[in-house]
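Q: Taken in sequence, the protein lines are chains A and B. Numbering-wise (our numbering), the first sequence opens with residue 1 and increments by one. Numbering-wise (our numbering), the second sequence opens with residue 1 and increments by one.
Since the hints were made in silico from the structure, they are not lab data. No experiment lies behind these values; they were computed from the predicted model shown. Some hints could be false.
Said to hold, decoys possible - Reference listing, derived: stretches of chain A covered by chain B, where coverage requires no fewer than 3 residues with Cβ under 8 Å from a Cβ of chain B:
#	segment
1	79-89
2	177-189
3	391-405
What the hints assert, rightly or not - Only pairs whose alpha carbons sit at most 20 Å apart, straight line, appear in this in silico SDA-like list of lysine to any residue:
#	chain 1	residue 1	chain 2	residue 2
4	B	K173	A	D247
5	B	K56	A	L250
6	B	K127	B	V40
Note that beta-carbon positions come from the ideal geometry of N, C-alpha and C, so glycine has one too.
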Amino acid sequence: MSATLIDNATAEQPRNDRNYLNADHTLKSWLLTVDHKRIGILYLIAVTIFFFIGAVAAAMIRYELTSPHGILLSSEVYNKTFSAHGIYMVFQFLVVAIPAVLGNFLIPLMIGARDMAFPRLNLLSWYMFMTGGLLITLSFILGGVDAGWTFYVPLSTLSETQISLCLVGIFITGFSSIFTAVNFIATIHKMRAPGMTWYRLPLYIWSHYSTAIVILLGTPVVAITLFLVVVERGFGFGIFSPELGGDPVLFQHLFWFYSHPAVYIMILPAFGVISEIITCFSRRPIFGYRFIAYSSVAIAFLGFLVWGHHMFLSSQSVLQGLIFSIITWILAVPSAIKVFNWTTTMYKGSIHFSTPMLYALGFMGLFLIGGLTGLHLASIDTDVHLTGTYFIVAHFHYVMVGGTIMGYLGGIHFWFPKMFGRTYSEMWGRISAMIVFVGFNLTFFPQFIVGYLGMPRRYHYYYFAPEWQFYHILSTAGSTVLGIGFLLPGIYLTYAIFKGKKAGPNPWGAKGLEWEQAGSPPITENFEKPVLVLEDPYNYNPEEDSKMYEHEVESADMLGGRK
Amino acid sequence: MSGHAHAQGDGPEVYFQYEDIDQQQESYVVGMWAFLMTEVMFFGALFLIYTLYRWKFHDTFFLAHEQLNWKMGGLNTAVLLFSSVMVAFAVHFAQKGKKTAQLICLGMTLMCAFGFLVIKSFEYGAKGDHKLYPNYTFEYGAHDKDHKVESWWDDNLPAFMHIEKKEQHGDPKNAKLFYSIYFTMTGLHGLHVVIGIIAITSLMVLIIIKSPLITDYVPTELVGLYWHFVDLVWIFLYPLFYLIPR
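With the sequences and hints as input, model every part of the structure.
A: Below is the structure:
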């Protein structure tokens, strides 16, 4: 987004040592901060820790499956391990990662505001997130949860593990998301800078707006559903358990009414990140701005109408199944619109293969596979064969890991100079982006095959079909590579926070208020001068792009880089 | 731009992230409505559960609902409706800047809220006496030894709705389901009333001590919106649980 200062001064900022990071150094100033940028950093630290816990659980699962008989874990412990993996990754990482870290940090910067509409509510939601996370962790310390992240009734009402405590934790985390969403909506509606009309908003903001609506409408439903499970366990109220008069399928309906839109909570912000990265590194204005913007809204809306495709085999009538199947197919259209528009954006662009761009391209490939295999599962007849197998596991990992985490890592690499005012090693960035892509495919592609052959999910042995061991070993090897790919950014980015080269305000030559009018890192009030927006977003011009941007100099000779 | 709140003369305080007072007030109202949207979905799921089970077990639910005291429920409805009027007046007086009248109206609202909870506690107590708590002590039919309900059923329903004898007594399991939903929904609504009491009390205290946080009508309006929502939920709960198909 290009914008002009009111006094027509140049966009270049005076170099100023004051910024939000060094405004105050005490621990108290961080824990009681109401600055959206600092809260974003707090979230960054928190979700990294939760991601690590989830990743350790994943490693245990993969190690267990290298042998047809299981080698490490008993059945009970294995159940708790995959439950931990799912609960941490979904509720404490994927749903939160991009909106809470990058969204908190960037939304006010991108729309030209000094902060979120409700800074204190913002801090409160971080504390609720941490409380929820600690309760979940406590439930695992006290013995664990064995019902999976879906908590299907009656397993979750009969199980004697720490389910109630864990559900209370998820409930609190859910309300943390709701408060974040309230903040986003009020901020985007009311805090835009003069001249920042709806159609001048970066697409990143459109995605986050759609996400906020989904969070606002979906999360309370799952919150009350999980609350009812707690009541059922605690007081013997019967709402879902058949022996108490209830209907367990109703639980599934209510659960998926949130949890299917939840996958759009995870993926929509990633779409926003990709729109920013693709335009910047292709040096072209986005193709079909309004189509991408409205496709986000369409995904948010249609996402609420497809939950039944999780229950084709749960006593749903064929007619219901058909309707849900058709709506699911329709839902593939807006996602495809985005991918086509990004591809067309790159056409005749001046493409730079910098680290964020590598993640964005990886995202497009992996999301494409994830989305297309989703259509196998959206069709009733193939779903009957594939449901409950590793095909599903591979599908949603392609969408969630290949989509959300690639988007998240791409976004972290793209805005890293803005967040910390320093640049990371471009060489290591590119190498680790490649490692993530290769490791990811090696982990999850074999799961498509073994799932198609019939490997059921949530089993910790497969002695009945030892010939599947080959695929499982491939997958485990891939997950090791993937683990290295996730560990590397942890190392070189941490190093760069303290020792990296200083970055200018706009190391990528990108458009947008956060690059053109704020320093790196920005000051506490974000902008030195009042902003006024006069131009459309993504005002790039591929033909004028002969300048080398500072971030590329280091790696100019790598990979046949441009001169 | 200063990093701290800056006051504009005598007017309300504008926090540093806002350009002017209008933006600040509009943001508050947008935020509150967004939050109420969440609340609607929160109760919406419960209403859906109730509707489905009522549809599925309508005979038993009908018999079970006979045990609810519609007079007490009606009294509570009147109390809440009156409190909503009072809150509306409180917002009106807040806009006019009449603090005494505003405080009186808020006080009346508070009284109504407590009154609602007192009436509700009598109702809950009576359910306990009839062993209708939907936990392990639940015993459906303990209150109806002489089969009054059954004879009412025989006398009042049109012939085509008469069904097998066993179902007329109602399945205790499904009656328990009715009371599970009843206690969950009215209990959560009661919790919202308690939160409303805390909000109104805090607002009144802040007004009385002339806190700089309350310098205009917007906080009162936000509390008012919340209270109207609490009222609205009850307006749906009352007929669904107590009246249909009376």
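Q: Next, verify each hint and record whether it holds.
A: Comparing the hints with the structure gives:
Residues of the segment 79-89 of chain A with a Cβ under 8 Å from some Cβ of chain B number 0, which does not satisfy the need for three, so the listed coverage is violated. Requiring three or more residues with a Cβ within less than 8 Å of a Cβ of chain B, the coverage given for the segment 177-189 of chain A holds, as 8 such residues are present. For the segment 391-405 of chain A, the stated coverage by chain B is not satisfied: 0 residues place a CB nearer than 8 Å to a CB of that chain, which falls below the threshold of 3. About 12 Å separates the Cα atoms of K173(B) and D247(A), which keeps this hinted pair within 20 Å; it holds.
For the hint linking K56(B) to L250(A), the alpha-carbon distance of about 12 Å falls within 20 Å, and the restraint holds. Annotation: proposed proximity of K127(B) to V40(B) is violated, straight-line Cα distance about 28 Å (limit 20 Å).
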